[in-house]
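Given chain S's structure and the hints, the job is docking chain X onto it.
As a plain string of letters, each chain reads:
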Amino acid sequence: MTTIDHRLSVPSPHSITNPALAGKTNTMVLNMGPHHPSTHGVLRLVVELDGETVVNVAPDVGFLHTGIEKNMEFKTYQQAVVMTDRTDYLAPLSNNLSYVLAVEKLLDVEIPERPTVARVLLVELQRLSSHLVWLSSHALDLAAMSVFLYGFREREQILDIFEMVSGARLMTSYFRVGGLAYDLPSDFLPTVKALLDIMPSRIDEYESLLTNNIIWQERTMGVGAIDSAAAIQYGLTGPGLRATGVAWDLRKDMPYCGYETYDFNVPVAKNGDIYDRYLVRMAEMRESVSIARQAWQRLKDMEPGVFQTSNRKVAPPPKTEITHSMESLIHHFKLWTEGFKPPRGDAMAAIESPRGELATYIVSDGGPKPYRVHLRTPSFINLQSLPHMAKGQLMADLVALIASLDPVLGEVDR
Amino acid sequence: MDNATVIERLQTEFGDKIGPVGSMRSGEATINVPREQIVAVAQFLRDDSALAYNFLENLCGVDYLGRQPRFEVVYHLLSHANRHRICLKVAISEKDIHVPTLTGLWQTANYQERETYDMFGIIFDGHPALERILMPDDWSGFPQRKDVPLGYEEVAFSNTEAQISARKPYAEE
Chain S
148 MTTIDHRLSV PSPHSITNPA LAGKTNTMVL NMGPHHPSTH GVLRLVVELD
198 GETVVNVAPD VGFLHTGIEK NMEFKTYQQA VVMTDRTDYL APLSNNLSYV
248 LAVEKLLDVE IPERPTVARV LLVELQRLSS HLVWLSSHAL DLAAMSVFLY
298 GFREREQILD IFEMVSGARL MTSYFRVGGL AYDLPSDFLP TVKALLDIMP
348 SRIDEYESLL TNNIIWQERT MGVGAIDSAA AIQYGLTGPG LRATGVAWDL
398 RKDMPYCGYE TYDFNVPVAK NGDIYDRYLV RMAEMRESVS IARQAWQRLK
448 DMEPGVFQTS NRKVAPPPKT EITHSMESLI HHFKLWTEGF KPPRGDAMAA
498 IESPRGELAT YIVSDGGPKP YRVHLRTPSF INLQSLPHMA KGQLMADLVA
548 LIASLDPVLG EVDR
Chain X
830 MDNATVIERL QTEFGDKIGP VGSMRSGEAT INVPREQIVA VAQFLRDDSA
880 LAYNFLENLC GVDYLGRQPR FEVVYHLLSH ANRHRICLKV AISEKDIHVP
930 TLTGLWQTAN YQERETYDMF GIIFDGHPAL ERILMPDDWS GFPQRKDVPL
980 GYEEVAFSNT EAQISARKPY AEE
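In order, the protein sequence lines correspond to chains S and X.
To convert, note that position 6 of the first sequence is 153 in the working numbering; the numbers rise steadily by one, no gaps.
To convert, note that position 132 of the second sequence is 961 in the working numbering; the numbers rise steadily by one, no gaps.
So here's chain S without its partners, still in its complex pose:
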C-alpha cells in the first residue's frame, strides 16, 4: 500500500490557516458558503487559492445537523421511519428502504413478494427523480439553464406518482416496517406506464443537450479526476466509484429486495473525472427505467391486495377486521400503544442509494424504541474525496466538482 500523507488529504477547516502567518505570500484563504447558490445546500468550504488555482480545500459541515439519530432513539420503530425521509431529502424512499430493511432483519420478518416488487419499482423511480435533480442542478451550476427546466418537468411526473401512492410528493414515508404504508391505488400502474414510456426519449433529449456539447466537455472532461485506489481509500461509493472503473453496485454484488432476479447492467467508466460521473449517472437513469419496467410487468401479473406482511405482531390488521376479530383488535391496540419489540441485538442493512452506499446500523435493547440508530450516509463519506479531486483545479471547477459529487446536506449532517 502506498503511504498517503493524511495530514494533507482530508483537511479539517481549522488546518487551513492564514498563509500570511506562515510567511506564504502567494496564496490566500477564501470562504465559500454556507450561504452559496452553488454549494448544493449549507456547505461551507474553506479554500486556499493561488490566484484561481485551488491549493487546498476543507469542507466544513454541520450547518444542517438536527440530531436525527438521537431523535430516532425517542420514537418507536414505526414512528422513526418519518425521520429517515429527512436525511437524504432528494431520495426519501431510499432512506426509508434502508431503515425498514434493517428493522426487518432485526425482527426476522418475511416480506411478501408484491410489496417487495413495489418497493423496487418505487425506489428506482426515486433514483430517476434524484438523478434528475442532480442533472438539473449540475447543468444549472455550469450555466446550462434549459436542462434544469426539462429535468424538473419529468420530475414533476414522478412526484405526482409519489403523491398518488403516499399522499406526499417528497417526504413519503411510504415504506413501513412490514411492507408498504397503504396499498397501491388503482391508477398506479397506468400512470407509471405512461411515465416509463416517455422517459427514454426524454433522457435522449438531455443527452443531446450535454453529452457532445463542446462547452460541457471543456468544463468537465479531465477535471477532478480520481483513481480507484484513492476512491476506495476515501470511502467513495456510488456513481463516483463506478466512474473510476470499480464495478461495485450493491444491487448486483450484495442484492436486497430481490434485485438478483432483475436484468440490468451496472454502468462503469474509466477516468473518474466529472464527465465520466455524468455519463455513469445518465446510463444509470436508463437502467432504472429498465428495472422499473420489469417490476411494473411483475406487478401487473400479480394478484392485487397484499401490501404488507401477514405477521400481525409487526404490521397492523386492516381496520375492517377490527370490528369482528378480538385478536385483530388486540394486535392493533398493542401496535399503536406500545409498538413491536425486536429482540436484543444489532443489524445492518445497506442499499445502493442514488448517491452511493446507504447503510443503517440499528441496535435493539428489546424495547419498543431503537437503542441506537446510525445512518452511514454516502454524501458525508463521499465529501472526504473532494479535497483530493480539487487540488490543482480552478475555482470554477470546484463548483462543477461539488455538483458531480452530488451531496445532499441533509444526509451529510443528519
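Hints are not guaranteed to be accurate.
Said to hold, decoys possible - Pair ranges (Cβ atoms, derived):
#1 X/Gln872 / S/Lys340: 48 to 54 Å
#2 S/His161 / X/Ala869: 46 to 52 Å
#3 X/Glu982 / S/Ser162: 31 to 37 Å
#4 X/Met830 / S/Lys447: 37 to 43 Å
#5 S/Leu317 / X/Gly970: 29 to 35 Å
#6 X/Gly970 / S/Lys171: 35 to 41 Å
#7 X/Ser852 / S/Glu352: 48 to 54 Å
#8 X/Tyr981 / S/Asn173: 48 to 54 Å
The set of hints was computed from the structure by calculation and includes no laboratory data.
Every residue gets a Cβ at the ideal spot worked out from N, C-alpha and C, and that includes glycine.
Just chain X now, kept in the frame of chain S:
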C-alpha cells in the same frame, strides 16, 4: 467466503488476543477486539489476499450507559472481492476513553472518527485533526451520550420569555 472461515483465520493469527465472537441479527460475524489490537486486526483483514476486506464501510460509536465498559466503537469492513461484510467492536470505558485511529489504514475513517468524537467524546489517538464536525466548534458536551437529554423548545410567551431564557443553555461567549 463465510463467517466461519474468517473467524478461523483470525483466531489462527491472533489467538486469544482477540475477544469473543458473536453475530449480528443480519448475519455478519462480530469480533470483539481489544483496542490495542484493532489496528493490527484491521490491517490483517485488509492486507490478507484471501480475506481482502478492502473497504471500511462504517465506523460509529454506541453508548451502553450502565454497562462496564460504557462505550463501544463499531467498525464494519467490506470485502469487494468476496462480497462479504464483517463487524469489529472495540469496547472502551469512560475513564480511559481512547482508541487508536484507523486513518493510517483508510482515509475514510477521518470524518467518521471525528463524528464519533463529536457525538460521544471518544478520542482517537493519532487522528490528524480530531475536531468537532457536526456540532459548532465551541460546543461543550457530547450530545449523543445517553445521559444528555434530547432537549425540547419550551413555548415562550412575552410574560414567560425571561425566565425560560434563563434556563436555556446558551453557548459560551
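Evaluated hints:
Taking 48 to 54 Å as the suggested C-beta distance range, the pair X/Gln872 and S/Lys340 conforms, at roughly 52 Å. Between S/His161 and X/Ala869 the beta carbon distance is about 31 Å. The supplied range of 46 to 52 Å is therefore violated. Range check, X/Glu982 to S/Ser162: Cβ separation about 35 Å, and the 31 to 37 Å hint holds. Separated by about 39 Å at the C-beta atoms, X/Met830 and S/Lys447 satisfy the suggested range of 37 to 43 Å.
Taking 29 to 35 Å as the suggested C-beta distance range, the pair S/Leu317 and X/Gly970 conforms, at roughly 33 Å. Between X/Gly970 and S/Lys171 the CB atoms are about 37 Å apart, so this pair conforms to the stated range of 35 to 41 Å. Restraint check, X/Ser852 to S/Glu352: a C-beta distance of roughly 50 Å satisfies the suggested window 48 to 54 Å. A hinted range of 48 to 54 Å for the beta carbons of X/Tyr981 and S/Asn173 is consistent with their spacing of about 51 Å.
Of the hints listed earlier, the one the structure fails to meet is number 2.
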